[in-house]
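Chains A and B, in that order, give the protein sequences.
Quick note: the first sequence uses this note's numbering, first residue 27, plus one each step.
Quick note: the second sequence uses this note's numbering, first residue 27, plus one each step.
Just so you know, the hints here were simulated from the structure itself, not pulled from any lab data.
A virtual CB, placed ideally from N, CA and C, is assigned to each residue, including glycine.
Incorrect hints may appear among the rest.
Stated by the list, open to error - Calculated cross-link-like contacts (lysine-lysine; reagent style DSS-like; alpha-carbon spacing at most 25 Å):
| id | chain 1 | residue 1 | chain 2 | residue 2 |
| --- | --- | --- | --- | --- |
| 1 | B | K183 | A | K232 |
| 2 | B | K42 | A | K129 |
| 3 | B | K188 | A | K180 |
| 4 | B | K31 | A | K355 |
| 5 | B | K31 | A | K95 |
| 6 | B | K232 | A | K183 |
What the hints assert, rightly or not - Every beta carbon over 10 Å from chain B, so not counted as near; a handful from chain A, in silico:
| id | residue |
| --- | --- |
| 7 | Y200 |
| 8 | G230 |
| 9 | I249 |
| 10 | D371 |
| 11 | Q379 |
| 12 | R444 |
| 13 | T454 |
Number of protein chains: 2
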Amino acid sequence: MAFEKLRKEETLAMRKRLIGQSCRLFYSDEPVKIIKARGQYLFDENDKRYLDCISNVHHVGHCHPSITKAAAEQMDLLNTNARFLHDNIVMYADRLAATLPEKLCVFYFVNSGSEANDLALRLAQQYTQHQDVIVLDHAYHGHLMSLIDISPYKFRKLAGQKEWVHVAPLPDTYRGIYREDHPNPGQAYADTVKDLIEEVHRKGRKISAFFAESLPSVGGQIILPQGYSTKVAEYVRSAGGVFVADEVQTGFGRVGSHFWAFQLQGEGFCPDIVTMGKPMGNGHPLACVATTVEIAGAFTANGVEYFNTFGGNPVSCAIGLAVLDVIEKEDLRGNATRVGAHLKDLLTKLQTQHQIIGDVRGVGLFVGLELVSDRDQKTPATETADQICVSTDGPWENVVKFKPPMCFSMEDAELAVRCIDRILTALTRPLSLTPGHIHKKCSSTAVSHLVEWEHSASYPAGSEALSHKRRKQASHLTVQNI
Amino acid sequence: MAFEKLRKEETLAMRKRLIGQSCRLFYSDEPVKIIKARGQYLFDENDKRYLDCISNVHHVGHCHPSITKAAAEQMDLLNTNARFLHDNIVMYADRLAATLPEKLCVFYFVNSGSEANDLALRLAQQYTQHQDVIVLDHAYHGHLMSLIDISPYKFRKLAGQKEWVHVAPLPDTYRGIYREDHPNPGQAYADTVKDLIEEVHRKGRKISAFFAESLPSVGGQIILPQGYSTKVAEYVRSAGGVFVADEVQTGFGRVGSHFWAFQLQGEGFCPDIVTMGKPMGNGHPLACVATTVEIAGAFTANGVEYFNTFGGNPVSCAIGLAVLDVIEKEDLRGNATRVGAHLKDLLTKLQTQHQIIGDVRGVGLFVGLELVSDRDQKTPATETADQICVSTDGPWENVVKFKPPMCFSMEDAELAVRCIDRILTALTRPLSLTPGHIHKKCSSTAVSHLVEWEHSASYPAGSEALSHKRRKQASHLTVQNI
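Using the sequences provided together with the hints, build the complete structure.
Next comes the structure, spelled out in structure tokens:
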């Protein structure tokens, strides 16, 4: 294919030689090589088409022509740093401000969600003059040293928990300490934060921030119970701390009904700091911190400049503006609401056919499917989840997640659910293959999308056990992309 | 002008309202609004042309058409993350490897020099299993929390020095503890690092890394004395640490004779980790860490994935490749050598006419001009440097720096030097204006470039004292851009 410059084996050999192996490939045994994309579809070097169920970064669709046009036009005109006065940065900040509660009206532009969270931590500590941070269990807030410290998902595998970091229970009403049957799980989980604050105070320490994703993603596509954030914010502020909403994965309309996932907690709730990233530039490195006049003022008061070489440059802001335009013009929030509801509905129906589906949850195009081997015990079906090679997350890696480009269609949702149905049917049916064999076949070729989806779609639902090849195809659904 | 969307006053008002004030504007009293650029020239909203003497980020020239074309073509084709196999990342790593010593052959792509330095710190600590870091006095390595800790330029104004950070003297042979008259300043300064290591060991602590810019920039455009890095590397490695060369400001041929500034220390010297950033994507957020197989291996061995959402994506790598192509095709290293030598020569001649010029130093298009009110005492002429509104750096903010786009021409160098001549002449001549007045007039309008340079260039050299307006024009030369 014209767009391929190296043979796949050569690319792979060079990758292994030249790129740090900590940077993992999807399906490293037999990685997929994608060379072009459009909308929700990816194409490999043989022009095979894949349906993308997880690229939340490519929010308005891969290679959207409006974004490319905006980028190219501004690149041709000017791309200085934000120490120069420029229209794009202020127009973009103004547009973002319009999506947020009034008090979140000061912006800092950076290059990644990690840079945004690092700055949020600095802002919180500078404003409160306190050090300690409360985070949710299993949280991930970024790859920088400061963020590994506040990410249980990472620090448990690395340097361990610092004395200034405190871990609150994940407010998971499916398998957490308070569940659906609790009369007020929002209050109950918020009280665990209150207890933690008291414990911190007993140690003579002080809280600078409560830091949480508005919908914990690596934690397992968790929907926070109603009332939780408002109560937590009240407790944290009483302790002199601030509430940081990490919207890096969840912002920009993914939840459909609202522009920001924290808004699901009601109009009465407003964080003190909001961080944003991934979908913001549709793949271009662009991220941001929004905060209040008071917090920004305290940061300015230290008298030290904050300079981010690329942050808020005219090209990044032109791209950011174009993304906002497309979200509006193509009614992608409306689409997320409609398609997300349809997807959840189909998955809920599927739950009646497959005992292994313990829970279906989500909002808009942020959906999780939790697999369990026993519905009463809620035993995580980690092995099955692993065998079917879909995107897994959560403490037991048994939550299949959907967070596709926002142009995902009704038909795409139907196709994805049909494929999951077939995979689960095949995996729970007596087979001539050992699970180990299935695992090997799947994990060696699967990718975050549906391979040859046209063929899969026409595959008769009630036919005999899937052939190796077809089973492989059907299992190519989603992969982890945190 | 067609490209201006808001009136300047409106842009300024919105900027003050919406963007954190810690993000400073150049000449905040009366900031310049730049709306287009090409090569080494910037244009404001009234189509006034400015010569850019300091934008090292826009390395191959502002808005280079080859870079825009490469970006737009790849944006239209594909922009996934680096978990997918792709040709661009491996081809780019291969091209970078060809510029480096053989042992620096493993790459990690990130979005900013700060992200690169943060990762370098992690790599060093993981590999050595030691914590402590030695840095040079006045150094700046980035805006992230981990980097403020290792940047004396920042931590002295903020949280202070951590117990694991140790500051070595800046090897400045103009005003440091060992000067030009020392028989072997390289060895003498390296020995200060050796002493520091011994002091660290006496405290029962262990060195993970010596971290330094290959040409300390914020430190005052310092050229490290010969032999320094080789000796320091020897001492640091003996202590079980690694040598990190921060090439974020200095790499990609700026020094002309070599692709990397660390190579000025001779063929025998090779760092263990090299970080790169600013010029790498000509304004696009792109940065990188290069290291050895051994260090990368130790990082992989911790078993934890390193995932950077945007790092190494096909668009960033396409841009990086295009930048390398332009550097080669337009012989920008040759240009940096020739124009840099001419600029240094002209400034050295100027030194014979202006007592205030204490030192002229530099290599390629990385040049510093140090102003002193007394040549023997080397008293920093901070106020004069401030009054003439040029880019200042160094501990006393009295070093005027040049680090222009690499397409800077002989004529540009001549013009810049003529203007400095006029500014210094005017400032040291009896005037009817108070210095305070001059300062106000200058700092309120100056910018990192020459305003209306065509007019300035034709301004007769021997005429009467400059009018306010003309003095303003002539003083528009450079500003700080770290």
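So, going through the hints one by one against the coordinates:
no. : hint            : result
1   : B:K183 x A:K232 : holds, 23 Å
2   : B:K42 x A:K129  : holds, 16 Å
3   : B:K188 x A:K180 : holds, 24 Å
4   : B:K31 x A:K355  : holds, 21 Å
5   : B:K31 x A:K95   : holds, 18 Å
6   : B:K232 x A:K183 : holds, 23 Å
7   : Y200            : holds, 26 Å
8   : G230            : holds, 20 Å
9   : I249            : holds, 23 Å
10  : D371            : holds, 30 Å
11  : Q379            : holds, 32 Å
12  : R444            : holds, 25 Å
13  : T454            : holds, 29 Å
Checked against the numbered hints above, the structure violates none of them.
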